[in-house]
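S.K.: Listed here are the chains, written in short residue letters.
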Amino acid sequence: MFRRTRRLALISAIAASAVILTACTGTAQPETTAPVGEPDPDATLQVGLVLEPTNLDIRHTSGAALEQILIDNIYEGLVSRSQDNEIEPRLASDYEVSDDGLTYTFTLNDGITFHSGTALTSADVVASYEAVRTDATLQGNAEFASVASITAPDATTVQIVLSEPNQNFLFSLTGPAGLVFQTGDTTDLKTAENGTGPFTLTRWNKGSAITFARNEAYWGDPAGVAEVEFQYIPDFTAGVNTALDGGVQVLTAVDPNLAPQLEDSGDFTLTTGRTTDKATLAFNNAKAPLDDVKVREALRLAIDHEALVEAVGAGSTLYGPIPELDPGYEDLSDVVSYDPEKAKQLLEEAGQEDLELTLTIPNFYGTTVPKVLISDFQKVGVTLDVDSVEFPTWLEDVYTNHDYDLSFVLHVEPRDFGNFANPDYYFGYDNAEVQSLYTDALAEVDPDKSAELLAKAARIVSEDHAADWLYNGATITAVSPLVSGFPEDSINSRINLAGVTVSTEK
Amino acid sequence: MIRYALVRGALLIAGLLVSSALIFLTLRVFPGDVAQLIAGTQASPAEVEALRESLGLNRPLPTQYAEWIGGIFRGDLGTSLLSGASVGEELVLKAQVTVPLGIMSLLIAVLIAVPFGILAAVRRGGRGGTALSVGAQALAAVPVVWAGMMLIVVFSVWLGWLPPQGFPRTGWSTPGKAIESLLLPALTIGIVEGAMLMRFVRSATLQAAGQDFVRTAAAKGLTRTRALISHGIPAVGLSIITVLGLQVAGIIVGSVVIEQLFTLPGIGRMLVADVGTRDLIKVQSELLVLTGFVLVVGFVVDLIHRAIDPRQREA
Chain U
1 MFRRTRRLAL ISAIAASAVI LTACTGTAQP ETTAPVGEPD PDATLQVGLV LEPTNLDIRH
61 TSGAALEQIL IDNIYEGLVS RSQDNEIEPR LASDYEVSDD GLTYTFTLND GITFHSGTAL
121 TSADVVASYE AVRTDATLQG NAEFASVASI TAPDATTVQI VLSEPNQNFL FSLTGPAGLV
181 FQTGDTTDLK TAENGTGPFT LTRWNKGSAI TFARNEAYWG DPAGVAEVEF QYIPDFTAGV
241 NTALDGGVQV LTAVDPNLAP QLEDSGDFTL TTGRTTDKAT LAFNNAKAPL DDVKVREALR
301 LAIDHEALVE AVGAGSTLYG PIPELDPGYE DLSDVVSYDP EKAKQLLEEA GQEDLELTLT
361 IPNFYGTTVP KVLISDFQKV GVTLDVDSVE FPTWLEDVYT NHDYDLSFVL HVEPRDFGNF
421 ANPDYYFGYD NAEVQSLYTD ALAEVDPDKS AELLAKAARI VSEDHAADWL YNGATITAVS
481 PLVSGFPEDS INSRINLAGV TVSTEK
Chain D
1 MIRYALVRGA LLIAGLLVSS ALIFLTLRVF PGDVAQLIAG TQASPAEVEA LRESLGLNRP
61 LPTQYAEWIG GIFRGDLGTS LLSGASVGEE LVLKAQVTVP LGIMSLLIAV LIAVPFGILA
121 AVRRGGRGGT ALSVGAQALA AVPVVWAGMM LIVVFSVWLG WLPPQGFPRT GWSTPGKAIE
181 SLLLPALTIG IVEGAMLMRF VRSATLQAAG QDFVRTAAAK GLTRTRALIS HGIPAVGLSI
241 ITVLGLQVAG IIVGSVVIEQ LFTLPGIGRM LVADVGTRDL IKVQSELLVL TGFVLVVGFV
301 VDLIHRAIDP RQREA
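Chains as they are written, first to last, in full-length UniProt numbering: chain U, 1 to 506; chain D, 1 to 315.
Be careful, since some hints might not be right.
Simulated DEER-style distance windows between Cβ atoms [said to hold, decoys possible]:
| hint | chain 1 | residue 1 | chain 2 | residue 2 | range |
| --- | --- | --- | --- | --- | --- |
| 1 | D | V296 | U | A307 | 56 to 66 Å |
| 2 | D | I179 | U | D331 | 53 to 63 Å |
| 3 | U | D188 | D | A21 | 25 to 35 Å |
| 4 | U | G499 | D | P45 | 33 to 43 Å |
Just a sample of chain U residues kept apart from chain D, beta carbon distances all over 12 Å, derived [stated by the list, open to error]:
| hint | residue |
| --- | --- |
| 5 | P53 |
| 6 | L56 |
| 7 | L102 |
| 8 | A145 |
| 9 | A209 |
| 10 | E216 |
| 11 | L325 |
| 12 | Y329 |
| 13 | S333 |
| 14 | S337 |
| 15 | E349 |
| 16 | E396 |
| 17 | G428 |
| 18 | T439 |
To be clear, the hints were calculated from the coordinates, so they are not data collected in a lab.
We treat Cβ as the ideally placed atom computed from N, Cα and C, and that holds for glycine.
Please put together the full structure from these sequences, using the hints given.
M.R.: Structure representation (structure tokens):
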């Protein structure tokens with residue numbers, strides 16, 4: 001009941017997965033649902049979500065709540081990504097990368113129109129991307145730093161030339177930076193839209209629901225349902241009640257604690273989806289005593305990760321900066337084990353007895369993780385004070401001013417390893433070898449070789465104990481048997497609804 | 001009377017100006033800003049700076065203040081930095097929850113306070129009167145949140161009569177449901193505020209009972225109770241209006257808490273959410289509207305008082 005403060009943290013991504021943090025028991029097993037009746041093309045799909053976007057301007061505003069519903073459904077980019085984070089063509093029927101990794105040539109699909117009715121041409125792509133490249137207030141501006149030129153040789157071809165190869169560039173086009181908007185459009189993107197996707201925005205009842213309708217003029221295969229209603233229910237219990245009352249056919253971000261209720265009702269099947277959410281216990285590497293690798297290692301050894309995952313209720317252990325769904329993933333469980341005795345010994349060697357540390361944590365994350373950490377650290381003689389702050393305060397103190405000892409947030413962005421190669425990021429981790437490996441990985445044209453370099457860098461980061469990765473989040477979704485094709489993985493960053501159908505009654 | 005109203009009106013405007021400056025300045029001490037929030041955790045300092053610049057957050061404080069006040073004089077409460085929506089429009093929308101909630105709370109408070117307060121005064125010294133006074137004292141001390149939770153437990157969880165939280169998506173187009181969802185929250189505020197008001201009604205009634213004109217009425221053959229009701233109560237009615245005016249402020253504060261507890265999409269929750277997102281332009285306008293409302297209620301109460309009570313006229 002008191003969790004509604006979470007709504008305050010609208011923006012984030014980070015919060016979207018806060019969900020996972022509150023629980024204690026019960027992991028749901030994924031099951032496949034067989035549709036019961038015939039798909040009904042006139043059906044309305046109702047989806048329950050926790051975090052409502054603050055506005056719809058995906059060009060200026062960061063946050064998973066926006067990307068989750070808008071990308072692929074309303075707006076589209078040249079390329080998109082699958083649930084497994086694989087890059088796939090979208091507005092582009094095809095793309096080609098030159099051997100030197102510098103020139104990207106995209107061919108557009110035929111017959112693409114904006115919701116306004118205007119046809120999309122390569123000029124719209126050029127204008128959209130040129131804006132991202134030159135306007136620092138647009139999301140993804142930094143990702144376009146290596147873009148040298150964006151041109152349209154003809155109406156269906158777009159060519160992007162980079163000044164240096166960038167293995168992440170294509171992936172960044174699957175995010176807000178890659179979306180294509182109509183040139184010279186005057187739509188107020190904060191409250192309205194003019195995309196190219198299979199759905200159009202029909203209504204936004206702030207504080208409660210956003211409704212999409214099928215775009216009958218869609219250039220690709222039309223959506224399987226006539227209407228989608230996203231209902232924003234910030235309270236987990238209320239969400240479950242709504243689902244049990246038949247108010248929604250799909251409930252996302254189910255609190256693991258409440259999952260059994262939905263399962264026992266027999267009206268829903270539960271899926272557990274993988275995510276790139278890295279529950280990161282950040283160490284302030286630039287500040288004593290955490291600038292001492294022995295202290296950092298001791299803290300990691302003191303944490304019983306298996307028990308923590310169990311307490312959280314969903315997710316899996318993760319011992320390095322790269323999760324399973326990103327390139328460069330490697331099982332790093334050999335780097336650190338649960339060993340309080342060794343932790344004590346290391347602290348003694350580091351001359352840190354009776355160590356007192358402060359954990360700065362945004363207040364929407366609940367108390368499960370801090371509680372476990374307090375008790376684990378106590379066993380090795382470290383006193384942990386928890387400073388639970390509002391998210392904007394966290395952003396200022398921890399993220400901007402680097403004024404903290406330990407911090408906890410879920411880093412949800414895929415492929416964000418670069419933060420450990422950036423000494424100015426709030427982790428304060430500065431390792432020349434990691435930085436050069438990361439630079440090489442970006443410059444490497446062959447994806448497999450690039451992934452190898454990333455894996456190598458990730459191992460160093462973990463062996464340096466630059467942070468602790470408490471767990472890799474998972475997201476539980478309850479889906480009615482009438483619904484088929486609802487995505488399972490990565491749905492806290494993308495809910496691609498084009499292929500979802502709702503069948504007529506049982 | 002007109003002179004009094006003019007002086008009182010000038011005071012009202014001065015009060016609003018002082019509050020606006022205070023609100024504006026105190027909000028600026030908050031750590032964190034909306035630009036950083038919009039940019040997210042992957043943004044570079046340069047990107048945040050560019051965003052801050054484009055949102056006008058870099059301009060000097062006096063400029064920002066002047067612009068805000070200037071807008072208000074033109075009837076423009078500003079637009080949200082985050083959502084781009086007009087603050088005025090959103091306030092009107094949220095008021096559709098908060099105002100009915102306030103009115104219902106006030107009604108419930110009066111319905112509890114007046115009869116029970118008088119009863120407690122009439123039965124003073126008796127067992128019933130003592131019980132009523134002690135009960136009111138205890139209820140007035142109850143935190144609103146706790147009272148709300150108890151009511152939820154009883155009426156929603158045990159009896160299942162009323163929804164524990166939320167406001168119908170359909171809003172006032174389904175009035176039955178809307179009222180249903182406001183009943184528990186209104187009851188919560190109403191009971192606590194009513195208990196406070198009841199203590200006041202009791203002591204005001206007792207005071208009236210000691211007045212000469214009531215004693216005279218009683219001497220003319222009315223029972224003590226009848227004398228109180230027909231002569232004493234009208235005399236204390238005025239001061240009850242004053243207290244009710246103060247109560248409005250209490251109800252506004254109460255609604256902030258209660259709207260959180262019952263997930264009601266009203267002004268209180270909007271305010272809390274906007275503080276959380278550092279949407280300061282919105283917060284300052286909302287606070288000013290609320291402050292203005294309380295000041296105006298005080299102004300109106302004073303004028304009514306002045307107009308009705310002959311004893312104040314000479315002063």
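S.K.: Take a quick look at L325(U) and tell me if its Cβ sits farther than 12 Å from every Cβ on chain D, holds or violated.
M.R.: holds (17 Å)
S.K.: For the pair V296(D) and A307(U), does the Cβ-Cβ distance stay inside 56 to 66 Å?
M.R.: With a Cβ separation near 58 Å, V296(D) and A307(U) satisfy 56 to 66 Å, so the hint holds.
S.K.: Taking the minimum C-beta separation from S337(U) to chain D, is that value above 12 Å?
M.R.: holds (30 Å)
S.K.: Take a quick look at A209(U) and tell me if its Cβ sits farther than 12 Å from every Cβ on chain D, holds or violated.
M.R.: For A209(U), whose nearest Cβ neighbour in chain D is about 6 Å away, the distance does not exceed 12 Å, so it is violated.
S.K.: G428(U) clear of chain D by more than 12 Å, beta carbon to beta carbon?
M.R.: holds (15 Å)
S.K.: If I claimed the Cβ atoms of G499(U) and P45(D) lie 33 to 43 Å apart, would that claim hold in this structure?
M.R.: For P45(D) against G499(U), whose Cβ atoms are near 41 Å apart, the range 33 to 43 Å holds.
S.K.: Does the claim that E396(U) lies outside the interface with chain D hold up, using a Cβ gap greater than 12 Å?
M.R.: violated (4 Å)
S.K.: Is the nearest CB of chain D more than 12 Å from the CB of S333(U)?
M.R.: At roughly 27 Å from the nearest Cβ of chain D, S333(U) sits farther out than 12 Å, so the non-interface label holds.
S.K.: Over 12 Å to the closest beta carbon of chain D is the bar; see if E216(U) clears it.
M.R.: holds (26 Å)
S.K.: Beyond 12 Å from every chain D Cβ: check whether that's true for E349(U).
M.R.: holds (34 Å)
S.K.: Does T439(U) sit more than 12 Å from chain D, CB to CB?
M.R.: holds (17 Å)
S.K.: Beyond 12 Å from every Cβ of chain D: is that where the Cβ of L102(U) lies?
M.R.: L102(U) is indeed farther than 12 Å from all Cβ atoms of chain D, at 24 Å.
This entry does not satisfy hints 5, 6, 8, 9 and 16, going by the numbered hints stated previously.
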